[in-house]
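Q: Below are the chains, spelled out letter by letter.
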Amino acid sequence: MEGIVLALFVCLVLAIITKYLSIPPIPFYILGGVLLGQSGLGLVTSTELSKFFSQMGLIFLLFFMGLELKLERISANRSAVITSGVIDLNINMLIGFLAAYFFGFSILESAIIASAFYVSSTAMAITSLIENRKLMLREAETIIWLMIFEDLVLIIFLAIISAGDQNPLIFFLKIAGVLAVLYLIAHYGKEFLISILDRSDELPILFTFGAVLTTASFSMYIGIPETLMVIALGAALATTDPDAFEAHARPFKDVFLVVFFVFFGITMNLSGGIDYFMITIISLLAVASKFISGILTGIFIHGSALSGIEIWGNTIGRGEFSIAIAALFGAPLVATVIAAMVIVTSIVGAFTAKYTGRLRRWMSAPGRRVHHHRGH
Amino acid sequence: MALRSVNLPGVGTKYEFVTEKGDTIAIFFTKTGTIQMYTLQGGCHTPSAAEMTPIEARRLGNILTGAIIEAESESVEIAFSAIADLRITIHTYTITKNIAGRTIEDLQIRTKTGVTVIAVSRKDKNIINPPPSFIFEVGDAVVVIGETDQLKKFERDVMVD
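As you go down the protein sequences, you meet chains A and B in turn.
Sequence positions in the first sequence follow the numbering used here and run 1 to 376.
Sequence positions in the second sequence follow the numbering used here and run 1001 to 1161.
Since the hints were made in silico from the structure, they are not lab data.
Predicted model only: the values in this text are computed from it and were never measured.
Just so it is clear, CB atoms sit at the ideal spot from N, CA and C, and this is done for glycine as well.
Be aware that a few hints might be false.
[Unchecked claim] Just a sample of chain B residues kept apart from chain A, beta carbon distances all over 12 Å, derived:
#1 N1007
#2 E1016
#3 F1134
[Stated by the list, open to error] In silico lysine to aspartate or glutamate, EDC-like type, Cα no more than 20 Å apart, as pairs:
#4 K1031/B <-> E131/A
#5 K1031/B <-> E141/A
#6 K253/A <-> D151/A
#7 K70/A <-> D151/A
#8 K1152/B <-> E1051/B
#9 K1153/B <-> E1074/B
#10 K1031/B <-> E68/A
#11 K1112/B <-> D1157/B
#12 K19/A <-> E1051/B
#13 K1031/B <-> D241/A
#14 K1031/B <-> D275/A
#15 K1031/B <-> E1051/B
#16 K1031/B <-> E109/A
#17 K1031/B <-> E246/A
#18 K354/A <-> E1051/B
[Said to hold, decoys possible] Chain A side only, calculated, beta carbon under 8 Å to chain B, not exhaustive:
#19 K70
#20 L129
#21 R133
#22 L135
#23 E141
#24 T240
#25 I347
#26 V348
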């Protein structure tokens, strides 16, 4: 118990400092955790309670992701979403996979590293667009849809990896069964759900918490991944009143997710030593591969490589979903590589997001035309 | 002027329109609760942005529509180009308990100060041109019209009665 309190206190201080400097807090929570935990000072160890809290953090993160998944909106501008999504997926997955495989990871481990390498941090991208006042840029919408596309790929990835050695037919039947129940509840119980959410007492928040926990534990009980099912729950409830659900789930997500990040750092096992060379190369490649996919997306969608710089600058940061992948599937060495990549890319990303405007102006300045520039 | 509204997942709602002169204005109601307004002059590539709290945004809206709806005290001076020396001020006040329960007639507002109460906003209701028998309640936002001197007199003689 004292461990969690100490960890949360450290996170609170880190949150205040990072908000003040307007840089992403996630890498600092992880570093704070490493410092407090078994690979650092050894002040905090993982307990049953901290494990439960961390799991809640992950579950609420994914529930939130589900709430944001409004598939009908994607179909509105499908071709642009798919073009940018496919470019981003192919380039980053490929580079990530080859890099990991080159360093001697198994095919499965390489696939895990590749997907963590691929998925940018939605939270960081959106915060950076808002804080750096870039929402009006035409690239902003491309970036937002790219994040949604990545989330969809992540869901498919979770489904494939979690199926593991179960009988795939029974596995997918079970999933389809739960999905059907969730959508029937959301569809026929819509009026009832909205009447609960409209109340001003403790009922809405209790219901939200209960629904997420029940879905997660029921999924575990029947042997299907709870991660997928809470996303599905979020997507089903998004058809009723997503804003109300977000408002009620936000406090849980905010607190538990911080616990999740800091305990990810605390339980990180660095006893195998750190291969600084490999970590540096993979982190640099993570920055470079988003550059390639960003420039290509800029050229294909906006007809301008400079637009690509903007897309690159705001999507470098890997964050919550990469850590989630590491926590769910990563062996210690894989988790270390992913954590290092998150720390490097999110800090680099925070700076590039601030200065892409200046970079673009510099590159398009007359007399300094560089080969990236293709005009508007 | 075609207004385009888009719901951006994770961000909020965007409203955008192009003015007749070719400038673009975009407003974002973000999920963080703030409102961002961007303006992009026709032919330019870099928009300028301002971030507002909901209260500030409402205030901006009031200025743009030319109305005063807010309950707290503020004033607008009106000048007409054809009558250069005529300056009218419209001011809002909030009724405190020292004049609550009294009527416009009984306070002799117009005879004593020269100003006219043109509207009262009570909770969600607006009363335009309240009759002399109108009874004030604590928290009423009153809109008063007059010259600056008359308004000063109103503040001194009636509001602090």
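Q: Does each hint hold? Answer for all of them.
A: Status of each hint after checking the structure:
1. N1007: 7 Å, violated
2. E1016: 8 Å, violated
3. F1134: 34 Å, holds
4. K1031/B <-> E131/A: 12 Å, holds
5. K1031/B <-> E141/A: At roughly 16 Å apart (the allowed maximum being 20 Å), E141/A and K1031/B satisfy the hint.
6. K253/A <-> D151/A: 17 Å, holds
7. K70/A <-> D151/A: With Cα atoms ~11 Å apart, K70/A and D151/A stay inside 20 Å; holds.
8. K1152/B <-> E1051/B: With Cα atoms ~35 Å apart, K1152/B and E1051/B exceed 20 Å; violated.
9. K1153/B <-> E1074/B: 16 Å, holds
10. K1031/B <-> E68/A: 12 Å, holds
11. K1112/B <-> D1157/B: 8 Å, holds
12. K19/A <-> E1051/B: Given that 20 Å is the threshold and the Cα spacing comes to 17 Å, the pair holds.
13. K1031/B <-> D241/A: 15 Å, holds
14. K1031/B <-> D275/A: Judged against 20 Å, a Cα distance of about 41 Å means the pair is violated.
15. K1031/B <-> E1051/B: 13 Å, holds
16. K1031/B <-> E109/A: Distance ~37 Å between K1031/B and E109/A Cα, so the pair is violated.
17. K1031/B <-> E246/A: 10 Å, holds
18. K354/A <-> E1051/B: Within the cut-off at roughly 17 Å; holds.
19. K70: Hint holds; K70/A Cβ to chain B Cβ min 6 Å, cut 8 Å.
20. L129: 7 Å, holds
21. R133: Holds, about 4 Å.
22. L135: 5 Å, holds
23. E141: 7 Å, holds
24. T240: 16 Å, violated
25. I347: It is violated, given that the least Cβ distance between I347/A and chain B is near 22 Å, above 8 Å.
26. V348: 22 Å, violated
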